[in-house]
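There are 2 protein chains.
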Amino acid sequence: MKKQYLLAPGPTPVPPRVLQAMSLPIIHHRAPAYKAVFAEVREGLKYLFQTREEVLVFASSGTGAMEGTVANMFSPGDKVVTVNGGKFGERWGQIAQGYGLETIVIDVPWGSAVDPGQIADILAREGDVRGVLVQASETSTGVKHPVKEIADIVRGYDQTILVVDAITGVGVFELPMDEWGLDVVVTGSQKALMLPPGLAFAAVSQKAWGFNRQATLPRYYFDFAKELKNALKGQNAYTPAVSLIIGLREVLAMIKEETLAGVFARHERLANATRAGVQALGLELFAPASPSNAVTAVKAPAGVDGQDVVKVLRDDYGVTIAGGQDQAKGKIFRLAHLGYVGEFDVLTGLTALEMALMDLGYEVGERSGVRAAQMILRAGN
Amino acid sequence: MKKQYLLAPGPTPVPPRVLQAMSLPIIHHRAPAYKAVFAEVREGLKYLFQTREEVLVFASSGTGAMEGTVANMFSPGDKVVTVNGGKFGERWGQIAQGYGLETIVIDVPWGSAVDPGQIADILAREGDVRGVLVQASETSTGVKHPVKEIADIVRGYDQTILVVDAITGVGVFELPMDEWGLDVVVTGSQKALMLPPGLAFAAVSQKAWGFNRQATLPRYYFDFAKELKNALKGQNAYTPAVSLIIGLREVLAMIKEETLAGVFARHERLANATRAGVQALGLELFAPASPSNAVTAVKAPAGVDGQDVVKVLRDDYGVTIAGGQDQAKGKIFRLAHLGYVGEFDVLTGLTALEMALMDLGYEVGERSGVRAAQMILRAGN
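Protein sequences appear in the order of chains A and B. Using the numbering used here, you'd call the opening residue of the first sequence number 173 and step up by one each time. Using the numbering used here, you'd call the opening residue of the second sequence number 173 and step up by one each time.
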């Protein structure tokens, strides 16, 4: 028996009470029992997204809601700005280009956040940008982008909306949709929402609904207006992923019990401990200036391949973390701390990491990442 | 306590061993443990679809794979034929029109199957039809369309493909993709596949892959070529619905144990018993000439509203069946017998139906739908 630990940035561990709720016999999605669940879910999602707007729910992975947002907000030839500083920023560009939009791509070095000033300059210079598409948390690099500052800029333009992929942002750190004036906020089920993959979400502002009414790109399965119409009647346009919705009710109840503020504080504490732990081992953060509380990307030390760290942790210790993707492959590894995680998940990750680094010939010596993390995670802190 | 019975045409009951498999702790979709599951699933799907081709898997409901098929096979302005004889046939038309295709719609009275001769005439007359889009089983009316006969016609046209929505066909009755020459076959998880909703499937012939290479409609999440490329490497393009895939492995193992022939024979027997049962009660089938083995649509008798039958069964007896949709609302009700169902599910449905009809003032008298079904379901038959 090799006991398994999941510390990757999605899927994240599913709480036992959620697994239990989802393993009850299936119910019909047009039956009153389902409608009661969905009504509760709709309310819980508004709390989670900090919005009065409806949060649309789709049976898909997060990418589906990203594509749906492009198809529902824009028309062929519309000009949008995307931030290419990681795999998911790149994805906004690919989707937009695939749908025939004109994209202005801001290239940002992987590991850095976008400078809001660059966005301000482009909006002022071009005059006809329809959308700014960013990540709240770029999962591939562990960077947190300055969404609030970007929102402050975009709000000044009636003809421009801000679209935020917050797939590893919602439920991790503060992203109050209505207060900040975010126009479309997208997330997925398998991150801070502590569910298996298979649900995607899009919250849509009134400004964005105005865009939707003018948008001519084709859409059917991800038809936001149709989904809204159905949601207001308490149902879904197409057969929903019933068991995941049942799990979602449970998860949203857990978040409400902990309170959003409590959830954010827990993630911050775990992220701080992780960062302190890896730095105490002499390792460097990949995103030191603007790290996300969802996942900590760490540079592999000289002489060690980041993929080997992932492999040893998985094969020899039963701990699943994530490696680098694309241009960061081999150069970094990523320890996640979002969702159903606590102090001892972070400490498990660090103890395992110390052993794996020793196995790979890295000189750990007297350094202790665990101790550095403990000092942050001790009761009372 | 009111014990609940689910006899609707999707979602269908999920077998306990599948619920159990899905409630195990989540695994990471890039880990070897997942790859082993997915490899098994890919093989099992080929057996289920009776094909040597790859069966693509999406996290979405069936409609997503229908839209994906249109977006991956055609280009703006392409001419396609759709069969409008129910809600789902209508859906092909809506999707095709939404994507700017030219549609030739064959209107068929609800409850009837399409005449293949009409399709032959249109293909010959037009000369440039790119696709024929049909349902194997039109769930809204309980009709089985003559897919084999249509395939025999379409095969004669190099520049035309046959797209089959087999969402309540695959795993219910014979639909051998390769033998009949079907080009795209779509299904969903919550029907004969005995899983919760949230997975959609598309099997694609070599002829259809040729179409895919020429198709210019925009797609990203449902990008068939990208999904194929990933599948051949044993993975998914985007985060898969891991827990449903784990359940799918279990379900495919169950189907293999029963054998496809056994699965089809069971569905036929249960469908025959249901039809005999309702007719013995003096009720009329809505699709007498070409009934589907997935679901039996029954005309509500004079003086009884079909929606009341559904309501009494659900509220007073805990039995969930389906009513009519759109133009058939109130006129019919639908008893499903697909997926994880056996003799006593059908008999439960009929005993409950008899009581509900009595409650609604229908003169049941000495008639017994149960006895008629028993005569078909007795051991040895």
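Source of the hints: derived by calculation from the structure; they are not laboratory data. We treat Cβ as the ideally placed atom computed from N, Cα and C, and that holds for glycine. Please note: incorrect hints may appear among the correct ones.
Computed from the model, here is a short list of chain B residues facing chain A with C-beta under 10 Å [said to hold, decoys possible]:
#1 192
#2 214
#3 243
#4 267
#5 369
#6 395
#7 516
#8 534
Rough simulated footprint, nothing fancy, chain B against chain A, three-plus residues with beta-carbon under 8 Å [stated by the list, open to error]:
#9 186-198
#10 225-234
#11 324-337
#12 362-370
#13 379-393
#14 413-420
Hints and how they fare:
no.: 1; hint: 192; verdict: holds (7 Å)
no.: 2; hint: 214; verdict: violated (18 Å)
no.: 3; hint: 243; verdict: holds (8 Å)
no.: 4; hint: 267; verdict: holds (5 Å)
no.: 5; hint: 369; verdict: holds (5 Å)
no.: 6; hint: 395; verdict: holds (8 Å)
no.: 7; hint: 516; verdict: violated (16 Å)
no.: 8; hint: 534; verdict: violated (24 Å)
no.: 9; hint: 186-198; verdict: holds (count 8)
no.: 10; hint: 225-234; verdict: holds (count 5)
no.: 11; hint: 324-337; verdict: violated (count 0)
no.: 12; hint: 362-370; verdict: holds (count 4)
no.: 13; hint: 379-393; verdict: holds (count 5)
no.: 14; hint: 413-420; verdict: holds (count 4)
Figure legend: structure checked against the earlier numbered hints; hints not met, in rising order: 2, 7, 8, 11.
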